[in-house]
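K.L.:
Here the structure of chain B is known, so what remains is to put chains Z, Y and V in place on it, guided by the hints.
Chain order of the listed sequences is B, Z, Y and V. The numbering of the first sequence is our numbering, which starts it at 1 and goes up by one. The numbering of the second sequence is our numbering, which starts it at 1 and goes up by one. The numbering of the third sequence is our numbering, which starts it at 1 and goes up by one. The numbering of the fourth sequence is our numbering, which starts it at 1 and goes up by one.
Heads up, a few of these hints could be off.
The list treats identical chains as interchangeable, and a pair is accepted whether it falls inside one copy or across any two copies.
Here are the simulated BS3-like pairs of lysine-lysine, each with C-alpha atoms no more than 25 Å apart in a straight line [stated by the list, open to error]:
no., residue 1, residue 2
1, LYS368, LYS188
2, LYS310, LYS238
3, LYS406, LYS368
4, LYS413, LYS136
5, LYS310, LYS145
6, LYS136, LYS406
7, LYS20, LYS39
8, LYS209, LYS129
9, LYS406, LYS355
10, LYS129, LYS270
For the record, the hints were derived by calculation from the structure and aren't laboratory data. The model shown is predicted, which means the values in this text are computed figures rather than measured ones.
There are 4 protein chains.
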Amino acid sequence: MLIEKYRIQELNDSQLSTHKAKLSGLTGSIANTASVIEKLIAFQVAIPSWALGAGGTRFGRFSIGGEPRNLEEKIEDVGLLQALNQSSGAISLHIPWDIPENATSIKALAAQHGLRFDAVNSNTFQDQKGQQHSYKFGSLQHVDKAVRKQAIEHNIEVIRQGVALGSESLTVWLADGSCFPGQLNFRKAFQNTLESLKEIYAALPDNWKVFVEYKAFEPNFYSTTVGDWGQSLLYASKLGPKAYTLVDLGHHLPNANIEQIVSLLLMEGKLGGFHFNDSKYGDDDLTVGSINPYQLFLIFQELVEGMDAKGMNHATDLGWMIDASHNVKDPLEDLLQSVEAIQLAYAQALLVDAKALDQARQENDTVKAQELLQDAYRTDVRPLVAEARLRAGGALNPIGLYRSLKVRENLIKERGLVTVATGL
Amino acid sequence: MLIEKYRIQELNDSQLSTHKAKLSGLTGSIANTASVIEKLIAFQVAIPSWALGAGGTRFGRFSIGGEPRNLEEKIEDVGLLQALNQSSGAISLHIPWDIPENATSIKALAAQHGLRFDAVNSNTFQDQKGQQHSYKFGSLQHVDKAVRKQAIEHNIEVIRQGVALGSESLTVWLADGSCFPGQLNFRKAFQNTLESLKEIYAALPDNWKVFVEYKAFEPNFYSTTVGDWGQSLLYASKLGPKAYTLVDLGHHLPNANIEQIVSLLLMEGKLGGFHFNDSKYGDDDLTVGSINPYQLFLIFQELVEGMDAKGMNHATDLGWMIDASHNVKDPLEDLLQSVEAIQLAYAQALLVDAKALDQARQENDTVKAQELLQDAYRTDVRPLVAEARLRAGGALNPIGLYRSLKVRENLIKERGLVTVATGL
Amino acid sequence: MLIEKYRIQELNDSQLSTHKAKLSGLTGSIANTASVIEKLIAFQVAIPSWALGAGGTRFGRFSIGGEPRNLEEKIEDVGLLQALNQSSGAISLHIPWDIPENATSIKALAAQHGLRFDAVNSNTFQDQKGQQHSYKFGSLQHVDKAVRKQAIEHNIEVIRQGVALGSESLTVWLADGSCFPGQLNFRKAFQNTLESLKEIYAALPDNWKVFVEYKAFEPNFYSTTVGDWGQSLLYASKLGPKAYTLVDLGHHLPNANIEQIVSLLLMEGKLGGFHFNDSKYGDDDLTVGSINPYQLFLIFQELVEGMDAKGMNHATDLGWMIDASHNVKDPLEDLLQSVEAIQLAYAQALLVDAKALDQARQENDTVKAQELLQDAYRTDVRPLVAEARLRAGGALNPIGLYRSLKVRENLIKERGLVTVATGL
Amino acid sequence: MLIEKYRIQELNDSQLSTHKAKLSGLTGSIANTASVIEKLIAFQVAIPSWALGAGGTRFGRFSIGGEPRNLEEKIEDVGLLQALNQSSGAISLHIPWDIPENATSIKALAAQHGLRFDAVNSNTFQDQKGQQHSYKFGSLQHVDKAVRKQAIEHNIEVIRQGVALGSESLTVWLADGSCFPGQLNFRKAFQNTLESLKEIYAALPDNWKVFVEYKAFEPNFYSTTVGDWGQSLLYASKLGPKAYTLVDLGHHLPNANIEQIVSLLLMEGKLGGFHFNDSKYGDDDLTVGSINPYQLFLIFQELVEGMDAKGMNHATDLGWMIDASHNVKDPLEDLLQSVEAIQLAYAQALLVDAKALDQARQENDTVKAQELLQDAYRTDVRPLVAEARLRAGGALNPIGLYRSLKVRENLIKERGLVTVATGL
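Chain B on its own, in the form it takes in the complex:
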């Protein structure tokens, strides 16, 4: 299914006057809305190929219907999102779930949809059919060199696939760890993992980055070998300048101050990018901004402040990706909500009066500092985000349009009701 431009235009036209009225309320009272809108237009969030089907838990999975049956259909789905919001201009592949048989034609297909390929993701947390060694007891950490070797080679193969697609980064998320006290020598597991990562690092093209993702727990329930930002930073520092830490919002212990972690990783020049989602308990992989949107804003406030302090380009110097699972929502609707939540947080962060904040901090005026943050946060920035979409050729109301066009119904018609996309 393709969304024709005129359908977007039609709906936008019918909503334009209301939108413009709301927008003018903001542009009248806020100085820098023009620059905010420009930055919003430039800001693109990568969609993970594994999040286009219904997700599940270990207790089961409930199909949504019309799920993409192959890589081409996944690109088509991201293309739909991009047509609607013009902010999802990249796709993040997962190997071996998405091995492109013909990279050239896949690249061309993506380009037709206005998409580029963001970080490629390796997978050593499951055993694939016909795989020689099992990852039951880890991959890059494994006590057996042969297993490590297999996992290293898989990662190098993923880089190769990524190069062919024009991707420029590799995300390594390891399930490696242990379920029971005693199972693992933590030190040796770290050292094995480091040695393995070094071999992968050596295979990176010059213009590539590798993102070392951390996670506190799950699927291992006693220890994880890249368990927190401190461990990830240790690996990244020992690896070299192309290695960075990747922050997944759901991968922390309860009550962690993620925004402080973000700030310090930026300070160290070692923040590589994000996996956005939201969570209440663990790696719940819920819609971005659905549980704690203020935390998301605080993270973006650190990003804007910290990137500006380093002269970084908001749109291109970090990897912006969603990593979510859609157990009870239509994945495409969920992703539209997630991208919008990210944009809102970013827009609010751009509204913070940085100079006044600096001064309030200099004076230890905690009340004022909070007021400055909340003044930006409480602003209804939806018209700014909508305007950015409008100018970029997207829909004022993406979910509204998605529903009025009956996209899901059409996909089900095209693909069937009982398709199952690869993924979690």
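P.N.:
Coordinates of chains Z, Y and V only, in the frame set by chain B:
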């Protein structure tokens, strides 16, 4: 110090046109703003007498200066808040920190400031000078009947004080519990506590309520004898119709779903009221809405929905109180921020399209349900809250006025720099 | 595979003198070892049929080989455990994973292995093939009466199956809840669930119990409709005298004091039984006693104290079940470890000097109370548990025997390497 | 009060035959008990001067009576502990609570009691009388250079005091952080803190170490500027070879895997030492081993394994200190329990069959690895610890002797009932 009406008027006048412009943006697009503003005017939050001075932690306390030295000055402070926001029309006393020597004159003083007396609070978590028995090992739970008796009598004395002031409820927060496995027989501690509460309950006037507050931990670090809502509900149910559960937002285990607890307590007819604050780790007693304002909104969404379902009066049928500690902020500024955060959450909850939400739920349309909540939450309702203040005779910008009138500086001049208010 | 008596005898004989020496060290210094051993012999833990194969997480599953392919083989597996430890004399079935085609022959088979049928478990957290209505949005809580009806009927069918097998209790664990704020009306979800449970309750035979299990989160990641002990107790109280709360050790928020919950449920006469396991983060379903064995002991200390206070029979008046998942261990070895951990905690709890503890508590002698608990806990009670096994006809060292008999290798030979048992 | 040798001898004699019987049970079945006992004798735990009086919480403090009124009496108290257990041969001072007026005589007094001075502790989390600048908004992180300067100078003064006493390390625990989002620029706070630490580092004598302690939260409730091991390691790495991380067991987020942190810090050569205590919720400062003794064992297992791998001396190459608070126990009894819990965990860790564990790990034999750990843990090593005390001249049963000698009663007689030791 008193804030004269004309000072408020002056500042309001200078901000009126900007305010009206913002307000009209809302009233133009939202149907029920008039009713929302009315409800906001009626909604009053009680200020705790113990939160008017600088708070501290076990590691120390940093004075703010100009803290109230006695009950009269505490009332004066709440009077200042009420003058500024017209939403703090009640004070919640803590006995024995605030024993009124002459109830009649204290009542008259409060009335001059437009204040009534909300729930009175007993204190059996500290030993008072000259006290016969120590509460080191608990009060209402104590293994020694004589200690329990002393604690019971203290509570009855608090009721007596409350009656004299026109209060109509008693809040019982117990630090009772244990620090070490083995220390306590949980069952006997429960039964002793219940028996004690029954004696206190028997002393309640007909029109009174008793609020049984729960808390997961601190100051006891292994168990608390009223540790969660389940335990509080057990006590309240066994006590009778005048007993209710009181929810303090900071008194839960990590990740607790407080809004669900609120909903179920309302369902059972056993929700008594709130102690508002915010927290990241434990009973941090931070400014309301400073850490997770969306959670606060979700709680108010349950309150509005649940109270409406029972035909309850929002303003009067539950006890609305703040319980916070002010370690790094001017307490009065902090309280102005807290009251505003509560009003914003309440206003947003009033904007939720309840009918559409019901329907979305009926259809399991999770995406729509989230959109409906976030549509209300993302609305910038500050103009509504400001308008409510304006109509009630308060300031459009309470903190701005507080600062321009140099209230703290005046209080320091009047009361001195090294005063210490009673409290934590 | 069957373990012949003489194989057990052989290994026991070779270890007997060492065992007897260790045992006499204990019997010499502790007064009531005879009674402890008797109680240990009587104490049987039910093995869940779904825990006999390799478990998995949402990230994958790594087969162990030789997993039982049907109910008969599951019974055979539990029979192996029972032959080895003589403490696993019951099996807990899960419908529809284990529908017995012929109840009579299945009962006979179980009897041959010395097994009885403990609680039967319903499953409304997955959709079964050909099922009319989906449980994607809940079962007993569902907004649609037809879905609730289907789930109710399934539970009644489970009771029927259980009756045929001689089971006398039904465990209802509901995944019902919500993933997102807004998705659910908590109150209506509670009321629907209660109404549904009432219909199931009405179908219980006179001598049956229903266990209402609670869980804080997963697979729903925002709210669970039976989310904590308070909610479970509300349901159980409203249902009637045959309804009880079931405590699964992994189903709590971080830092919860489970032993206090156990004590209070016993006090209320509403504790029904246990799902034993251990966890560090969430419902990790790890081997009992592998993460925090002291907590397990503290729970048993409450059980022994509380059951004795009510004159309850330790062995029969509560349901003792394991609920674990075996991602990296041989399930049978894991279960042997789990049962032993339970027995050790129970034995230690039996050694607590209850009279002295009472007195220490009466005197608020916290140091002494801790010493009394830790004195029992630090005692090496393994000889007592081994002696109980020996007297009952089991192995002194079950895991040692299991390995020397190459049980897993034999099961793989019999059943194949790539079998997959039903379960999580 | 002094405990005369013959009183210890007397009680030991009366318990000797029972003790010897228990001991021989162990020495008969375990190979390396002689070496374990030797290592236990060498292992000394430093007692913090601030833990000798009743501790408190922000809700109050309940005196114990007989608390030390000055540094001399604190040394006397630690001397009592040392006389009883011969494992508390060091004291850790806290400046300015314990400024020695005459270092020479204080050193001599300590020597009389067999005590040396362990790490000295600075205090910039409270304002001291007459202090020019306030630490309300931090010390080493402060936005104002003058405040940082004052805090730096205080630390250098503490080093000076420590040198005079023969201490060789400085522990820096900072309460620095923030209570509210917005209050702090995390990056600048880190950089200010680092710069300040560098000045302190420069003042360290050649043979000194500085320990950078981290803490997740409290007294700041939004962020801590040395918040976790990752941050502490960053500071320590940037400072140089004399800087190390100090691990306080209670300073982590819920569910943190502390033993893994310990292992990795050892791997990096950056583990400096410990503050032992136990906790259920936060920095509860409870008796060591009172909540989760298995975790303590797992930490010691990592310590023994990791230190042995580096050829480190268990007794001297790390700083072993207790940091606890005694709200409901006699501090001296609590400390006796804490030291014993540490010794037990250490002894158990020494019993682990390291070679077999290595092999089990090499074979991914998780069941066996757990068995090996739990085999050591379940062993009743109390006779080994008692024997170590006996040989070193201490009491077989320290708490028993403490009570039979009526030490607390004597201290109250000497010092009075209402003394208050400095501390928390």
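K.L.:
Let me make sure I understand: some of the numbered hints might not hold for this structure. Which ones are they, in numerical order?
P.N.:
8, 10
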